[in-house]
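Following the hints, position chain F against chain U.
Each protein sequence line maps, in turn, to chains U and F. Letter 411 of the first sequence, counting from 1, is numbered 411 in this note's numbering, and no numbers are missing. To convert, take the position in the second sequence, counting from 1, and add 517; that gives this note's numbering.
By construction, these hints were calculated from the structure, which means they are not laboratory data. Quantities reported herein were computed from a predicted structural model and do not represent experimental measurements. The beta carbon of each residue, even a glycine, is placed where N, CA and C say it ideally should be. Some hints could be false.
What the hints assert, rightly or not - Some chain F residues close to chain U (C-beta under 8 Å, calculated; not the full set):
id, residue
1, 645
2, 651
3, 674
4, 726
5, 742
6, 747
What the hints assert, rightly or not - Simulated coverage check for chain U against chain F, where a stretch passes if three residues somewhere in it have a Cβ under 8 Å from a Cβ of chain F:
id, stretch
7, 68 to 80
8, 85 to 93
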Amino acid sequence: MAEAKSDFDPKDRGHGDPLELPRLACGAMAESKPYVATSGQQNALGFPGELAPDWHDKAIARLGELVDNSRALRVYLDSCVKCGACTDKCHYFLGTSDPKNMPVARQDLLRKVYRRHFTFAGKYFPWLVGAADLTKDVLEDWYSYFHQCSQCRRCSVYCPYGIDTAEISMAGRDIMDTIGLGQKYSNEIIGKVFNIGNNLGLPPKALRNTLEGLEEEIEEETGVAVKLPLDEKGADILLVTPSADFFASPHMEGLIGYAKVLHEAGVSWTFSTHASEAANFGMFIGSQENMQKVALRIRAAAQDLGVKRLLFGECGHAWRVAYSFLDTLAGPFDFLDKNYPIPQHIIEFTHDMIERGKLKFDKSKNDEYRLTFHDSCNVARASRMGNKPGGQFELPREILRAVCNHYFDMAPETIREQTFCCGGGGGLLTDELMDVRTKGAMPRMRALNDVAEEHGVTHMAAICAICKAQFSKVLPQYGFDREGIVSVHQMVSNAIILTGSKQAEEFERRNLVATAK
Amino acid sequence: MLTTIYATAFYAASLLLAVALFRRIWLYAATPAPLKIPTTPAPTTKGGVALRMLREVTLFESLFKANKWIWLFGWIFHMALAVVLLRHLRYFLQPVPTLVALVQPLGVLAGFAMVGALAALWVRRIVVERIRYITGPSDHLMLALLIAIGCSGLAMKYLARTDIVSVKEFFLGLMYFDWRPLPADPALLVHLSLVLTLMVVFPFSKLLHAPGVFFSPSRNQADDSRERRHVPPARLESTPRRA
Chain U
1 MAEAKSDFDP KDRGHGDPLE LPRLACGAMA ESKPYVATSG QQNALGFPGE LAPDWHDKAI
61 ARLGELVDNS RALRVYLDSC VKCGACTDKC HYFLGTSDPK NMPVARQDLL RKVYRRHFTF
121 AGKYFPWLVG AADLTKDVLE DWYSYFHQCS QCRRCSVYCP YGIDTAEISM AGRDIMDTIG
181 LGQKYSNEII GKVFNIGNNL GLPPKALRNT LEGLEEEIEE ETGVAVKLPL DEKGADILLV
241 TPSADFFASP HMEGLIGYAK VLHEAGVSWT FSTHASEAAN FGMFIGSQEN MQKVALRIRA
301 AAQDLGVKRL LFGECGHAWR VAYSFLDTLA GPFDFLDKNY PIPQHIIEFT HDMIERGKLK
361 FDKSKNDEYR LTFHDSCNVA RASRMGNKPG GQFELPREIL RAVCNHYFDM APETIREQTF
421 CCGGGGGLLT DELMDVRTKG AMPRMRALND VAEEHGVTHM AAICAICKAQ FSKVLPQYGF
481 DREGIVSVHQ MVSNAIILTG SKQAEEFERR NLVATAK
Chain F
518 MLTTIYATAF YAASLLLAVA LFRRIWLYAA TPAPLKIPTT PAPTTKGGVA LRMLREVTLF
578 ESLFKANKWI WLFGWIFHMA LAVVLLRHLR YFLQPVPTLV ALVQPLGVLA GFAMVGALAA
638 LWVRRIVVER IRYITGPSDH LMLALLIAIG CSGLAMKYLA RTDIVSVKEF FLGLMYFDWR
698 PLPADPALLV HLSLVLTLMV VFPFSKLLHA PGVFFSPSRN QADDSRERRH VPPARLESTP
758 RRA
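Here chain U stands alone, though its shape is the one from the complex (with noise of 0.2 Å):
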């Protein structure tokens, strides 16, 4: 892994055509693997401990399985063509030249194995079809390349037959938990939220004394006391929110913007600590019992906190899972109120206040930023926001065209449902795999190079906690602030004026100046 990072200088790589195509560097990225999860990490999971003497043949009987329960991998590994559609669509691929990162060829390691065992070809003519056994070294190779795959669906946008490289990878890693092989840094996480309730491990009182600090922030901010309520039971509003925003910046100052959002809605609102964690890793290890485990602790805590309304902060992963797999694992919600979505993003929440004309906003007081916005790859391509398709697009934009004076698209090509992942999604936001990560970012970082040249974009926005982190880590490595990745809500909450506020005054004062003028 040093030897490829020093091959990789981000700031001499990261100008030039997001889309610039790479020569093939074969077994570039062999090495790239993520610590493999400790036998407790894995027990408690429900998954064996260490590769079992007989993994192969548990391997083989946990790929049928899933090939007999779900027809997208049926599908998808039948229908694949090798037509190359999507060799130059994935961002890893782009970014470390590796062809092991061509979606198709990441596919093919499941492929190959799945062929030899489940198809008539691959059992009587292995070689004319590339079936393969599922030796040692194959299980290496899907160690590394199914954890090179953040899942982002980049590449289903473009095969003719939708095949969604995601599912794929999800089986693979679905397959080697089975078999006492896990990933270290999701099957540690999707405990913490089993046990605590959070991804970070935030214990109820540390999250009571985080939300009472941002308060007191706040009204010493605004000169007005917006509350952070924690498990009000009666509240009509249960939000969820990754708990990335009760720790580190930028999404705090996001979280600020949801609370001035929600106070100034004039609405009763709460955070669960049984629900402190919108994300769900149970989706990136493609394991719908624990996704299901973990789904079930939101239903659980708008049971007991008797909320009408369900309402998901900033995150892409977990919009994804909320919109369009939470009914399904843990509802129905028939105890919810159905005159509002069920679930609702934060962001329809405040796009609806600005339609309805409930907030007020002060734009220049994000003149400093020249933004552009960031799509996630799960808010973009695995959901929706508002009524209409693409709304997912037009919201966030419509938010930030509304609260600053400057903003700017990056390149077409680049942006909406061709929005490239941030390179730390599905489970690689972990720090052994910095390299991938780093040269994962590559298009993007090309696309934000390109609109700050043009037209001198300082930030860039984004509604994902995986982005916000990934790029707090990546920005500085590419030549840009770390503080260049901004969440929505932080500039909703820079430009808010909240009634009664220092800010209306002030806003009243410069008013009146401005018409005796």
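Structure of chain F alone, referenced to chain U:
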């Protein structure tokens, strides 16, 4: 003797194709889709999904977004194949339907277009490094098979004309179980043997993308998970909602 061999072979290949393909399609239909995974933005209604699928299988919409060269050659090949197949219906239907008769003059043109597009796709497989990397022996063989079918078909038109009336009688005879002799022209025999091979290979190869695309959840699901609850298989639905 020749007639018996080919007649038997066509019955066997047709039966195999029908049974194996039906089994596969049934398997696709019977396999559960536990979660909603349309690639978004996606249509929110069933009608919208039908339109998306129609665009996908007639215009190759996604492929168009991906790569204009692959789209161009792939689309030409598939459309030409459709015309060629339609034209071939005249050997199985008496009287010949108007549509098939109308397509007739296009048929030969389509034959050339098909072979040309396949050749272009093959060149890309060899010349483009990324695509060469993902190409296996079966991918080359499939192209070779299709090109050979096209060329042997065209050969009967331009090089070694065959007694097409007898060929039609042979196939009508097969369909009505009243066998008629098959002309022993080499080009015809090669053409028919290759078609038989294709029929046998179809349900066991990547040609399964033809039924597969219709079952692809990322394309055939509506984006309506907040409007209609997607009920999962019992495995997930039976989990107690309270721990």
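Inset, instruction - Report holds or violated for the interface hint on residue 747 of chain F, using the least CB-CB distance to chain U and a cut-off of 8 Å. - result: With Cβ-Cβ at 5 Å, under 8 Å, it holds.
Legend entry - Given coverage of the stretch 68 to 80 of chain U by chain F, checked by CB-CB distance under 8 Å (3 or more): holds (count 11)
Inset, instruction - Verify the interface restraint on residue 645 of chain F: the C-beta must sit less than 8 Å from at least one C-beta of chain U. - result: Given a least distance of 7 Å, the restraint on residue 645 of chain F holds.
Inset, instruction - For the hint on residue 674 of chain F, just tell me whether its beta-carbon gets within less than 8 Å of chain U. - result: Check failed: Cβ of residue 674 of chain F comes no nearer than 28 Å to chain U, outside 8 Å.
Inset, instruction - Using 8 Å as the Cβ threshold, decide whether residue 651 of chain F counts as touching chain U. - result: holds, 5 Å
Inset, instruction - Answer holds if the nearest beta-carbon of chain U is closer than 8 Å to that of residue 726 of chain F; otherwise answer violated. - result: holds, 4 Å
Legend entry - Verdict on chain F covering the stretch 85 to 93 of chain U, criterion of 3 CB contacts below 8 Å: holds (count 5)
Inset, instruction - Closer than 8 Å between Cβ atoms is the bar; does residue 742 of chain F clear it against chain U? Give me holds or violated. - result: Holds. Min distance 5 Å.
Checked against the numbered hints listed earlier, the structure breaks hint 3 alone; every other hint is satisfied.
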